[in-house]
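Here the protein sequences come in this chain order: Z and L. Numbers given in our numbering equal positions in the first sequence, counted from 1, plus 5. Numbers given in our numbering equal positions in the second sequence, counted from 1, plus 17.
Please note: incorrect hints may appear among the correct ones.
[Claimed, not checked] Only pairs whose alpha carbons sit at most 30 Å apart, straight line, appear in this in silico DSBU-like list of lysine-lysine:
| hint | chain 1 | residue 1 | chain 2 | residue 2 |
| --- | --- | --- | --- | --- |
| 1 | L | 179 | Z | 60 |
| 2 | L | 24 | L | 130 |
| 3 | Z | 51 | L | 184 |
| 4 | Z | 51 | L | 179 |
| 5 | Z | 388 | L | 179 |
| 6 | Z | 24 | L | 159 |
| 7 | Z | 388 | L | 71 |
| 8 | L | 24 | Z | 24 |
| 9 | L | 69 | L | 179 |
| 10 | L | 179 | L | 80 |
| 11 | L | 169 | Z | 51 |
| 12 | L | 184 | Z | 24 |
The set of hints was computed from the structure by calculation and includes no laboratory data.
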Amino acid sequence: MGKTLAEKILSLKSHGEAKAGDVVIADVDLAFVQDTTGPLTIRQFKESGFKVLAKSQQTVIFLDHAAPSPARQLSNDHILLRLFAEKTGCRIYDVGEGICHQLVAEQFANPGDVIIGSDSHTVTAGALGAFATGMGSSDVAVALALGKTWFRVPESFLIELNGVFPRGVYAKDLILYLIGQIGADGANYKALEFGGEALARVTMSQRLTIANMAVEAGAKVGLFPSDKITRDFLIAYGRGGNYKPLYPDAEANYERVIAVNLDQLEPMLSLPHAVDNVRPVTQVKGVKIQQAFIGTCTNGRLEDLAVAAEILKGKKRHPGTRLLIAPASRQVLIRAIEKGYIQNLLEAGATMLPPGCTACLGLHQGVLGDGEVCVSTANRNFKGRMGNPEAMIYLASPATTAASAIRGEITDPREFM
Amino acid sequence: MPDLVLKGKAIKLGDNISTDDIIPGRFAHLRSNLPELAKHVMEDAVPGFASKVKSGDFLVAGKNFGLGSSREHAPVVIKMSGVGAILAKSAARIFFRNAINQGLPVLLCDTDKIGDGDELEINLTGGTIANLTSGISLSCSKMPPIMSAILKEGGLIPYIQKHRDFKL
C-alpha cells in the first residue's frame with residue numbers, strides 16, 4: 006500500500022508504519038507559542054513539574070498577537086514570556102518581528118518536519134511539506150518538555166489542481182472556493198493534500214495562503230509536496246541544505262478526491278459570519294465598507310502587497326473607507342519598502358500597521374464599530390472576530406480588498422485590471 | 018469501580034459555535050486572570066449565559082462545536098462556568114482535544130434527540146446518555162484509548178504528572 010504525505014511524515018517521525026486511523030507518538034521538530042496562548046502554556050509546563058525544554062533551539066516564542074501591547078495585562082504577559090525565554094534558553098521573536106506563521110515559514114519549517122504551535126493557523130507551514138498543526142496550551146506544554154506528542158494519523162483528501170489562475174483570481178479565491186465546497190467541518194480531523202499539474206506554477210507565497218486556511222475546513226493539516234518551488238524558497242532563505250523532495254506514493258489511498266480547474270475560478274468572498282459562506286464577488290459587489298484590511302498570516306506577504314500596490318498605485322482610497330496595511334514580517338516590510346509598494350500604498354491613503362497580527366483578532370489596531378463592515382484578507386470572519394459582535398467581516402483576496410478600498414464598496418478587482 | 022455518571026440539564030445551542038463565541042479574542046488581556054475571563058463565557062452567543070448556567074448543566078450543540086482558535090481558554094472557561102460535559106453532533110479537532118486535556122468530557126452523539134432543558138444522565142464509562150425527560154437513550158462515538166485515559170486522569174497535566182510520558 007502506498008502512503009499519503011501525512012502517512013509518510015508520521016511514519017518517519019514515529020519510527021514505524023503509520024496508517025490513517027492509527028494513533029502514534031511522533032517526534033516534534035519545532036514547537037512554538039504566541040503571546041495570547043503562551044502564558045497558559047508556560048504555567049502548564051511549570052505545573053507539570055517540568056523545568057527543562059527538550060529542544061531549546063527548536064522552541065520559539067512569538068510576540069505577535071498583541072504587538073505592541075494595548076493593555077498592561079498583555080504587557081505583563083509579554084514580561085512572563087521574555088523571562089521564560091531567558092530562563093530556558095528558547096528562542097524569542099519580540100514585538101515588531103512579524104507573525105509567527107510567517108516567521109516559521111521564513112526561518113524554521115522544513116519538508117518532512119513535525120511542527121506544532123499553540124495557534125490554529127500553524128497549518129500554514131504545510132506549504133513547505135511540514136506536518137504542521139495547531140494545538141492547545143496543554144499539548145504544547147507537554148511537547149516542550151518531552152519533544153514529542155501523540156497524533157491520530159488523519160485520512161487525506163487529495164485536492165487536485167489543474168489549469169492557470171485567470172486574471173484577478175488568486176490563491177485566496179481558490180481556498181475560499183474550496184472551503185465553500187467542503188464546508189467548515191467537511192475536513193474535520195482530515196489532512197488536505199494538494200497535488201495536480203498546476204502545482205508547478207503555484208508559488209510558495211500562494212501555497213502559504215492555501216495551507217493557512219486548511220483549518221477553516223476543519224483540517225488538521227494542509228500539505229503540499231516538497232518540490233523545486235520548495236527548494237528554491239529554502240535556498241532563498243538560506244537553508245537550501247534542509248531541502249528534500251517529498252511526494253505522496255502514486256498508489257496512496259485518499260478518502261476523497263476534489264479536482265479544481267483554476268481556469269474556471271473567479272474572485273470569491275466569505276460573507277459574515279462564517280468562512281464557508283462563500284459567494285463570487287459578482288454576487289456581492291456594491292456592499293458599502295468602512296474598513297479594508299490587508300495583512301495577516303493569510304495574505305500579508307510581499308506578493309500580496311505587490312498586488313495591492315499595483316491596484317492602488319496613483320489612486321486614492323474612498324474617503325469613507327479606512328485602509329489598513331500590516332506586513333506579515335519585518336523582512337516583508339523591508340522588501341516592500343525597497344520595491345516601492347509601501348510608498349504606493351501610503352500615497353493611496355493607507356495606514357501602516359506594524360508587522361504582526363494587528364486588526365485580525367479584535368484586540369487592537371483596527372477594532373470595528375457597531376454596524377461597520379470590513380473587507381479583510383484574513384482567514385476568519387466569525388461574529389466578534391475583529392473586536393465587535395455588531396460588526397461584519399467579508400474575507401477576500403488582497404486584490405478584491407484593494408479594489409474595494411478605492412470604491413468604498415465591495416468591488417470586483419478585474420475592474421481595475 | 019462504579020460507572021462514572023453525570024446528571025444535569027441540557028442547554029441547547031446551534032451549529033458552529035466558534036471559539037470567538039465561547040470567549041472572544043477581545044478579552045485576551047484577561048487570559049492570565051481566569052476568574053475575570055470566565056465572566057465573559059459565551060457572552061456574544063448566549064447573552065447572560067454566565068449567570069444562567071448552573072453547576073452540572075450540559076452544553077448540547079449541533080455540528081462543529083468549538084471551531085476556530087486553538088485557545089485552550091475556551092474549554093477552561095466553559096469548565097469554570099460549572100458545565101459538566103459538552104454534547105455535540107461533531108466538535109472541531111483542536112477544541113475537542115483541548116477540552117479532553119482540561120478534563121471536560123465531550124460526547125459526540127445525535128443531539129437532535131435532546132431538547133432545551135431536558136434532564137440527562139450521562140454514563141461516561143459506558144458512553145451512553147439517558148434522556149430522562151423524553152425516555153430516549155443515545156450512544157456516543159468512542160474516542161481513542163489515549164484520550165479516554167487522559168480524561169480519566171482529569172486532563173493532560175494530571176495525566177503527565179502521574180505517568181511522565183504518553184502511554185499508548
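Evaluation of the provided hints:
A C-alpha spacing of about 23 Å is found between residue 179/L and residue 60/Z, which places the hinted pair at or below 30 Å, so the restraint holds. This hinted pair checks out: residue 24/L and residue 130/L have alpha carbons roughly 17 Å apart, not beyond 30 Å. Restraint check: the Cα-Cα separation between residue 51/Z and residue 184/L comes to about 21 Å, which is no more than 30 Å; the hinted pair holds. Only pairs whose Cα atoms come within 30 Å are accepted, and residue 51/Z paired with residue 179/L is accepted, the gap being roughly 15 Å.
For a cut-off of 30 Å, the pair hint linking residue 388/Z to residue 179/L is broken: about 40 Å separates their Cα positions. For the given pair, residue 24/Z sits about 19 Å from residue 159/L by alpha-carbon distance, which is consistent with the 30 Å threshold. For the suggested pair residue 388/Z and residue 71/L, the alpha carbons sit about 26 Å apart, so the restraint of at most 30 Å is met. Distance restraint check for residue 24/L and residue 24/Z: the Cα-Cα separation of roughly 38 Å exceeds the 30 Å cut-off, and the hinted pair is therefore not satisfied.
Restraint check: the Cα-Cα separation between residue 69/L and residue 179/L comes to about 36 Å, which exceeds 30 Å; the hinted pair is violated. For the proposed pair residue 179/L and residue 80/L, the alpha carbon gap of about 34 Å is over 30 Å, so the pair is violated. Of the supplied pair hints, the one linking residue 169/L and residue 51/Z holds, its CA atoms being roughly 22 Å apart against a limit of 30 Å. With a C-alpha separation of about 19 Å, the suggested pairing of residue 184/L with residue 24/Z holds against the 30 Å cut-off.
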